[in-house]
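Colleague: Construct all of the structure, not just a fragment, from the sequences and the given hints.
Single-letter residue listing:
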Amino acid sequence: MTNDYESIKHADVLLVIGSNTTENHPVIGSWIKEQKMSGKARLIVCDPRKIELDGLADIKVRQRSGSDVALLNGLMNIIIAEGLYDSEFIEKNVEKFDDLKALVAEYTPGKVSAITGVPEETLKEAARTYAKGPNSAIFYTMGITQHKYGTNNVRTVANLALLCGMLGRKGTGVNPLRGQNNVQGACDMGCLPAVLPGYLNIAKKTDDAREKVRRIWNSDLPTSPGKTIVKVMEGAASGEIKGLFVMGENPMVSDPNTNHVRHALEHLDFLVVQDIFLTETAQMANVVLPAACWAEKDGTFTNTCRAVQRVRKAVDAPGEALPDWKIIVDIAKACGASWNFESPAQIMEEISRFVPQYGGISFDRLDKGPLMWPCPDANHPGTPNLYTTGFPRGKATFVPCEWHEPHEWPDAEYPFLATTGRTLYHYHTGTMTRRTPSAEFIKSLYVEVNPDDAATMGIGPGDDVKVSSRRGSVVGEARITDKVPPKMVFVPFHFGEQPANSLTASVWDITTETPAFKINAVKVEKA
Amino acid sequence: MDRSLKVILNGKEVFGYRDQKILELCAENGVEIPTLCYDPHLSLHGGCSICLVEVKGAKSLVRACAMPISDGMEVQTNTERVYGARQLALQLLLSDHVGDCRPPCQLTCPARGDVKGYVNYAAEGEYRASLDALHDNITLPASIGRVCPAPCEEKCRRNFVDEEPVSIREIKRFVGDWGINQNDLGKIPEVRENGRKVAIIGGGPAGVSAAYYLRKMGYAVTIFDKEASLGGMMRYGIPDYRLPQQILQKEIDWILAHGIETKLNTALGRDVTLDELRKDYDSVLLAIGCWKSMPMRVPGEDLKGVLGGIDYLYEVNKGNKVDLGKKVAVVGGGNTAMDACRCALRNGAEQVYVLYRRTREEMPAENIEIDEAMEEGIEFVFLSAPVAVEGDGRVERIVCEKMKLGEPDASGRRRPVPTGEQFTLEVDSVIAAIGQGADLSNLPKDLHDGKRVRSDEHFATQTEGVFVCGDLKTGPDIAASAIGEGHWAAESINHFIMEGVPHRPFECDVVRDDLGPEDFLEEEKQPQEHPVHCPGEVRLSKPFQEYNMGLTEEQVNRDGSRCMKCGCADVYECKLRQYGTDYEALPETFSKEEYSRPSRTLEANSYYLRNMDKCIQCGVCVRACSQKALYSAIDFQNRGMDTLIGPGLERSIDNSACVFCGQCVQLCPTGALTENSVHGISRPSYSRVVKTTCTYCGVGCELNIHVDELTGKVWNVTTDYDSTTSQNEGRCCVKGRFGWSFIHSRDRLTKPLIKEDGVFREASWNEAIGLIAKKFTGYRDTSGSDSVAFFTSARCTNEENYLLQRFAREVMGTNNVDHCAHL
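Residue numbers (the numbering used here), protein chains in the order written: chain A, 235 to 761; chain B, 649 to 1471.
Hints in this document: simulated from the structure, not taken from any laboratory.
Note that CB positions come from ideal geometry on N, CA and C, so glycine has one too.
Just to be clear, a hint being listed does not mean it is correct.
As the list claims (entries may be wrong) - Examples of chain A residues lying across from chain B (beta carbon under 7 Å, computed):
1. I262
2. P427
3. K476
4. S488
5. D564
6. P604
7. P608
8. W643
9. E674
To be verified - Which stretches of chain B does chain A cover? Using the computed rule of at least three CB atoms under 8 Å from a CB of chain A, they are:
10. 1239 to 1251
11. 1336 to 1345
12. 1373 to 1381
13. 1399 to 1406
14. 1423 to 1429
15. 1442 to 1454
Said to hold, decoys possible - The list that follows gives simulated cross-link-like pairs (lysine to aspartate or glutamate, EDC-like), each with its CA atoms no further than 16 Å apart:
16. A:K602 / B:D1370
17. A:K345 / A:E329
18. A:K760 / A:D686
19. B:K952 / B:E1038
20. B:K1399 / A:E554
21. B:K864 / B:E838
22. B:K1423 / A:D503
23. B:K1403 / A:E500
Modeller: Take a look at the structure:
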């Protein structure tokens, strides 16, 4: 998030797109609701599903799945046409406005209405409301990113905020909500093939990267391009990757196209899984290492608004389980490394030297409260809101994007659109929450079906329905609800025995390789 | 803020701001005002009426939560009028508060043993925790676990399900023995000396318990006992086959190891006087028990061969030889009679009679004792009362009268009525075990009335600083009662020394006694576990050896799990009970029939329990739901005496707008809303709170993990509205609040596993890490660095992610490192 949580209390307009906030980020959802219900802000909700926030929204934009770029371009078309953009902000801060203007000119309300299924009047009202602010904040999440053209979705969201100057002040911002507790931190820590910790790009800034690695790690920098998860899976299947080490992930359930993942993992020479349970993935491993869980170790997580926060050990780990960091240190030593880390605090000390944004972060400071990066030095108070004094690289750039049809679209054989996601009650692949009271509350896979479709197919509440795509199929209990529009079903992905990802395709956003979970052509039948 | 308003608060000048409420001003100035409905994070409700204070000039008391201050206001928060009004308000609330605070087993236990706590810890194999919980109220668990008649078991509601209770006593014994076998009965804490001294006369269960609890409070304690060993009636009144003396000694030694002094072979009156002790100590506690056998009041009682029951047992337990002859009559039907008759048999008597005036049914002795005595060949002669003992210098026979049962007497048992018919038994000895009394001969006359030591409900005698407890105060009672007496007397002595007046702790308990089998029809039946029965002839072959070996560990785990965890889950945190205790409110003041709302909801969902019988309508939950969770899933329904809080429209919570964030549960001041995972077992006083960050979504809520220090396990997770370090302002969702039990799941991985031929086997860390290092360096060195890859985790910490990518890049030389950022 560019802005912190407190910023929500200053927003005049809240635009939520592709985020079922009250289910997936409930506490942020409560602040959005509070701001709306207290009459301080207007709420625009853009979501194909009739999510809870839709019920509170002043403007309900129920666009078709996969039409987000068209929708956002359409809003910008109206904003430019009506002169509602922030020309002073653009003048000062943003490049390539002409490119944007040229592209969005094509996205007339009529055309956009046809693509998105949203009435022109609604488009206009949404555009005007957002642009007029005075302070408008955008919230988005996987509904924007998990598409083949997810990067374009994100860029277009950013274009909209830049166009209206909705950055750098309280109550504004482009606010992606992170799905997992420490996605932000894992990215910050350089757990991506192309960058070192602190987003130091290996290919683009090789010399800087090499120097830093030599200085801090006293080692050489590998410069051959690293493989993403997707490419690693392909490499495993082809035999190029021989050994894979998986720490705390369960790709057998979380990754698209389960059958493909199984095939890839089976082809590995040697698989190590370090986890707290014998997950579906761990069962395929050659060696399984028992890890301490979150309540059993010290460390830090970085949340969705860049706040670095302490994780504290509350209880001892069971049996011989060890914290992940300790296991990694032991393995590194066994491989000949002369590492000498004895505590997470000591590791953070190195992180603060490696990652400029974490330069002022230490366990001592975190004991007094969270710090939001960038926090470059020990006296820096942290940065709750980004871009308050402009952009770090000088000026931002509009990156106009065309709308493309999704990779897969319902047809005669697969007439429904399935979208996968999370529910409030379970988390990710369910290894944790399915061992808590939520396991009793929601025991197994369910499928949300629109009442019209249910009536047509003779499906009653609680009946088993079978959802099949070109890749595979799952069976779950029907929940008949108008949360989903006709010809759409929602399938949560928490249930390993009926994995929603057996439906999903090995299709990824070309830039980030984020799987396109939100669009799957399926057929639905009574099981 | 402009603090220009001057207020005289309890006589002290303080300053506040315009519109500030009296309660807020008090809080700022460290004056605590009780309240159940006020929460600084929620809007004002003003419903509980216990925050009353006195404002000069106002006709009636005012609500501190609602009344704003004004310049020159004079506020009194601690007058008798205020106290009385708050007490009355609390009593009214308690009259509409239906349920159990503490379970019936605990309330029945005279020592208030935390049965639910120690039984459930034991069921989970947490014996150390169980023993620690036991010691909180029961000082000698291994001993008590052998001899207690266990009134708790009679009240156990498991009887309603299985017609058999949980084996509370045997579990207690197992746990006590476990500690003895570990040679460690518990950590001995360092005592913070308070410089005060207490003398305790009598080292029986009452005296030893009082010593233990006083010592833990910081007193220098000395126990004076006339015998060479401590234990009192438990040592000298109970035969070894029931309670081996070395078990008792080990438990007493552990208590003494807390730093308690003893003066043995020192009798009051003979070796030391009460006046001397009063001079040397801040307080004196008399706990010398009831050691005088009651006479039968029949002719011939002073013949040689007539003994008192307790006198006989004393000799036996001292190891002294007593010549009883071949035929013995034991008079009486209590446990002392049973011990005496069985000891007589073990001492070589060939024929032992028990003479009892009523029938088996009315015998006060424990059933097991009677059964075993019968099994061993004791002959019971019921409905017979001694009329005379006859003999020439020594007992030769006892003459008895036949009795019949008449109308019930005060004790509820049918009264024995003489029939005039007599019979005679030829015997060599008569043991009169018909009761015991206190020997008051060494006590100043003004302390007693000839039968008992005079005392008030706070254990205080008429002499200042002199207290009395145990059998000396109550008359003969069970050991658990003596232990409780010692505990409460210790508390009262502490109150006397510190506050100037004796005071035993007030117990505020709402009690539910209207339950029966019909209330437990859904409970699954599971029979009680019993120790292996040892036949009479085996017992007699090793006459004074213990023969009950107790329950096995598996039996303890199984039987302990039969506990239905009665009593309120919120008992340790309930503000109503806390205030009720502080203000000594009696729940029975107003009748429930008149003041209690009828038929209210008891509803369990997957996460929490709604027990509207305990709802006091403070409305905190309603406000938390609408103002913090932003759902308004619940509201006040109906009006007047029918008012209830719920989702309305006869919906259940499962079908309401509730999203189970549990903020209402957390803020509920009573047990109306409780987490399913909390049972009133883990106590906040044995709990530590660890602040951490939630493991679920990216919001990063700060959570309070509550760890039971007795077990080292998590027992709850909550949030903190007052935290200064929290991003979430105390808000949370169902996953953060209720999604933690996986931590202690039995499925957790606990050892490295290596797969061989498709099957996992356990391995050592060395082996597993060695294998990984060999494989990965092998691939690196033969197939190249990029033949290996690493998936880090969005669920692991920054430190762990940093290290794994460093390992990949530095040690393995590859950039093949990624994580599922996109999922």
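Colleague: Now, for every hint given, state plainly whether the structure supports it.
Modeller: Outcome of the hint check:
Taking 7 Å as the C-beta cut-off, the interface hint given for I262 (chain A) holds, the closest approach to chain B being about 6 Å. Among the interface hints, the one on P427 (chain A) holds; its C-beta lies about 5 Å from the nearest C-beta in chain B, closer than the 7 Å criterion. Hint status for K476 (chain A): holds, given a least beta-carbon distance of 5 Å to chain B, under 7 Å. This hint holds: S488 (chain A) has a C-beta 5 Å from the nearest C-beta of chain B, less than the 7 Å allowed.
Because the beta carbon of D564 (chain A) sits about 5 Å from the nearest beta carbon in chain B, less than 7 Å, this interface hint is met. With its C-beta approaching chain B no nearer than about 6 Å, P604 (chain A) sits inside the 7 Å limit, and its interface hint holds. For P608 (chain A), the shortest C-beta to C-beta distance to chain B is roughly 15 Å, which exceeds 7 Å, and the interface hint is violated. Evaluation of the W643 (chain A) hint against chain B yields a violated restraint, the C-beta minimum of about 22 Å exceeding 7 Å.
Against a cut-off of 7 Å between C-beta atoms, the interface hint on E674 (chain A) holds, since the closest Cβ of chain B lies about 4 Å away. Counting residues of the stretch 1239 to 1251 of chain B whose CB falls under 8 Å from any CB of chain A gives 0; the rule of at least 3 is not met. By the rule of at least three residues with a Cβ nearer than 8 Å to a Cβ of chain A, the coverage given for the stretch 1336 to 1345 of chain B holds, with 8 such residues. Taking a C-beta to C-beta cut-off of 8 Å, the stretch 1373 to 1381 of chain B contributes 6 residues in contact with chain A, enough for the three needed, and the coverage statement holds.
With 5 residues carrying a beta carbon less than 8 Å from a beta carbon of chain A, the stretch 1399 to 1406 of chain B meets the three-residue requirement, and the given coverage holds. Counting residues of the stretch 1423 to 1429 of chain B whose C-beta sits closer than 8 Å to any C-beta of chain A gives 4, which meets the bar of three, so the coverage hint holds. Given as covered by chain A, the stretch 1442 to 1454 of chain B passes the check, having 13 residues with a CB less than 8 Å from a CB of that chain where 3 are the minimum. A hinted pair counts as satisfied when its Cα atoms are at most 16 Å apart, and K602 (chain A) with D1370 (chain B) qualifies at roughly 14 Å.
Proximity of K345 (chain A) to E329 (chain A) is assessed by CA-CA distance (about 27 Å); at most 16 Å being required, the pair is judged violated. At most 16 Å may separate the alpha-carbon atoms for a hinted pair to count; K760 (chain A) and D686 (chain A) meet this at roughly 14 Å. A distance of roughly 10 Å separates the Cα atoms of K952 (chain B) and E1038 (chain B); the hinted pair therefore holds under the 16 Å criterion. Simply put, K1399 (chain B) and E554 (chain A) have alpha-carbon atoms about 5 Å apart, close enough for the 16 Å limit, and the pair holds.
Annotation: proposed proximity of K864 (chain B) to E838 (chain B) holds, straight-line Cα distance about 9 Å (limit 16 Å). Our distance criterion of 16 Å between C-alpha atoms is met by K1423 (chain B) and D503 (chain A), whose separation comes to about 9 Å. Restraint check: the Cα-Cα separation between K1403 (chain B) and E500 (chain A) comes to about 14 Å, which is no more than 16 Å; the hinted pair holds.
In this structure, the hints that do not hold are numbers 7, 8, 10 and 17, in rising order.
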